[in-house]
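> If you read the sequences in order, they're chains A and B.
At position 127 of the first sequence the residue is numbered 150 (our numbering), and the sequence of numbers has no breaks.
At position 19 of the second sequence the residue is numbered 818 (our numbering), and the sequence of numbers has no breaks.
Treat the hints with care, as some may be off.
[Unchecked claim] Have a look at the derived ranges for each label pair, beta carbon to beta carbon:
#1 115/A / 848/B: 25 to 31 Å
#2 846/B / 71/A: 33 to 39 Å
#3 829/B / 187/A: 14 to 20 Å
#4 819/B / 30/A: 42 to 48 Å
#5 829/B / 109/A: 38 to 44 Å
#6 827/B / 84/A: 27 to 33 Å
#7 837/B / 215/A: 19 to 25 Å
#8 808/B / 71/A: 43 to 49 Å
#9 827/B / 65/A: 44 to 50 Å
#10 807/B / 193/A: 32 to 38 Å
#11 164/A / 846/B: 21 to 27 Å
#12 209/A / 819/B: 32 to 38 Å
#13 812/B / 32/A: 31 to 37 Å
#14 843/B / 213/A: 30 to 36 Å
[Said to hold, decoys possible] In silico negatives: residues of chain A with every beta carbon more than 12 Å from chain B:
#15 31
#16 85
#17 99
#18 100
#19 174
#20 206
[Unchecked claim] Pulled from the structure, derived: some chain B residues nowhere near chain A, Cβ distances all over 10 Å:
#21 803
#22 808
#23 833
#24 838
#25 853
#26 858
None of these hints come from the bench; they were simulated from the model.
The beta carbon of each residue, even a glycine, is placed where N, CA and C say it ideally should be.
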Amino acid sequence: MKSKLQKLKGTCIGIAGCGGLGSNCAVALARAGVGRLVIADFDSVTRENLDRQYYFLDQVGQKKVRALYETLLRINPDIVVEAYDLRLGPGEIAHVFKDCQVIIEAFDRADMKRMIIEAVVEHFPDKFIIAGSGLAGYGGNNELRTRRLGNLFICGDEVSEVSDELPPLAPRVAAVAALQANQALEIVLDDMEPARGGDVWDE
Amino acid sequence: MKITLNNSEVSMAGESFSVRELLALMKFTFPMIVVKINGRLVRKEDYERVFVGDGDNVEAIHLISGG
C-alpha cells in the first residue's frame, strides 16, 4: 500500500470551483499526497462561506484560489498547485484541465454542473469526471452514495437541493467532498479504465 | 417497447420516443438533467432528434444545486 501511494505524487487532479465541495476536496487530496492540483474559481472568500468552506477568518476578502493555494501549501509544501482565478466556461475547461487525469466538479449551480459534464465529455472523452449532486441539509448518512455512468461519477443523494429551507451544512458538504476525493483516489490507484467508444451522441 | 431506465426495466406502449417525450412521460421534471443512452451522453439541444427504442439502456440523472 505504501509504495502504491507513491503514485499519487505523480498524479494531477483538477477541481472546478473552490466553494464547499472544491475547497474540502482539495484539502483531502493534498493530505492524501496527490502531487499536483489544478484549482479554478472566480470568487472571493466571504464571512458567510466559513460555515462550510475550507477558509479562515483572516482570508475573508481574498480570492478563493489564492487563499486555497496558501492553505494547501501550508499542509504540504511539496505539492504543486496551479491556481486559476477565472470563470470557467467550456473553452476554459478545455485549456485549464488538459493535464489532469481526473476532474472534480465542484460548482454550486446545477446548470454549471451540466455545462462541465458536457464540456469534459466533448473535450476529454478519456478523462473521468466526478460530480457532486444532492448535499443540502443534515442527516441521511446512508443516502449519500456514488453512482458510475461511463466516465461520469455522481456523488451525493441526488435529491437534496439547496434552498432557504434546506441550506448546505458543513458535515454533509464535506462528506460529499470526501466521497469525490475518495473516488478520485480509487480511479488513480486502481488504474480504472475509462469507458471507450464515443461518449457523446453523434448521429 | 422495453427499455432499461436507471437500471429498472420499463415497458411502454409505442415503438420509439424522442428523449424529450420520454422525459415528459417519465415525469422527469427537474430543470437540470443529464441523459445517457447506451452510455453516450445526449446534449440538451438533441433531445428532440435523438430517439429511444426497444432494448435501449437509458440513464437520466438529475443535477441538484449545491456545492
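> It remains to establish, for every hint, whether it holds in the given structure.
Now the hints, each set against the structure:
Checked against the hint of 25 to 31 Å, the pair residue 115/A and residue 848/B passes, with Cβ atoms roughly 29 Å apart. Checked against the hint of 33 to 39 Å, the C-beta distance between residue 846/B and residue 71/A comes to roughly 37 Å, which is consistent with it. At about 18 Å, the CB distance of residue 829/B to residue 187/A agrees with the hint of 14 to 20 Å. The hinted range of 42 to 48 Å is satisfied by residue 819/B and residue 30/A, whose Cβ atoms lie roughly 44 Å apart.
At roughly 28 Å, the beta-carbon separation of residue 829/B and residue 109/A lies outside the given 38 to 44 Å, and the hint is violated. At roughly 42 Å, the beta carbons of residue 827/B and residue 84/A sit outside the given window of 27 to 33 Å. At roughly 20 Å, the beta carbons of residue 837/B and residue 215/A sit within the given window of 19 to 25 Å. Residue 808/B and residue 71/A have their C-beta atoms about 46 Å apart, which keeps the hinted 43 to 49 Å range intact.
For the pair residue 827/B and residue 65/A, the beta carbons lie near 31 Å from each other, so the given range of 44 to 50 Å is not met. About 35 Å separates the C-beta atoms of residue 807/B and residue 193/A, a value consistent with the hinted range of 32 to 38 Å. Taking 21 to 27 Å as the suggested C-beta distance range, the pair residue 164/A and residue 846/B does not conform, at roughly 35 Å. For the pair residue 209/A and residue 819/B, the beta carbons lie near 35 Å from each other, so the given range of 32 to 38 Å is met.
Checked against the hint of 31 to 37 Å, the pair residue 812/B and residue 32/A fails, with Cβ atoms roughly 57 Å apart. At roughly 33 Å, the beta-carbon separation of residue 843/B and residue 213/A lies within the given 30 to 36 Å, and the hint holds. Non-interface status of residue 31/A relative to chain B is upheld: no Cβ of that chain comes within 12 Å, the nearest being about 24 Å off. The claim that residue 85/A lies off the interface holds: its Cβ sits roughly 20 Å from the closest Cβ of chain B, which is beyond the 12 Å cut-off.
No beta-carbon of chain B is positioned within 12 Å of the beta-carbon of residue 99/A; the least distance is around 24 Å. With a least CB separation of 28 Å from chain B, residue 100/A remains clear of the 12 Å interface cut-off, as annotated. Look at residue 174/A: its CB is around 9 Å from the nearest CB on chain B, not clear of 12 Å, so calling it non-interface is violated. Listed as outside the interface, residue 206/A is consistent with that label: its C-beta sits roughly 15 Å from the nearest C-beta of chain B, beyond the 12 Å cut-off.
Even its closest Cβ contact with chain A, about 13 Å, leaves residue 803/B beyond 10 Å, as expected for a residue assigned away from the interface. Consistency note on residue 808/B: stated as away from chain A, and its beta-carbon is indeed over 10 Å from all of that chain's, at 18 Å minimum. At roughly 6 Å, the least C-beta separation between residue 833/B and chain A is not larger than 10 Å, which violates its mark as non-interface. Residue 838/B, annotated as away from the interface, has a beta carbon of chain A within 10 Å; the closest lies near 5 Å.
No beta-carbon of chain A is positioned within 10 Å of the beta-carbon of residue 853/B; the least distance is around 18 Å. Against the 10 Å criterion, residue 858/B falls within the reach of chain A, whose nearest CB is about 5 Å from its own CB.
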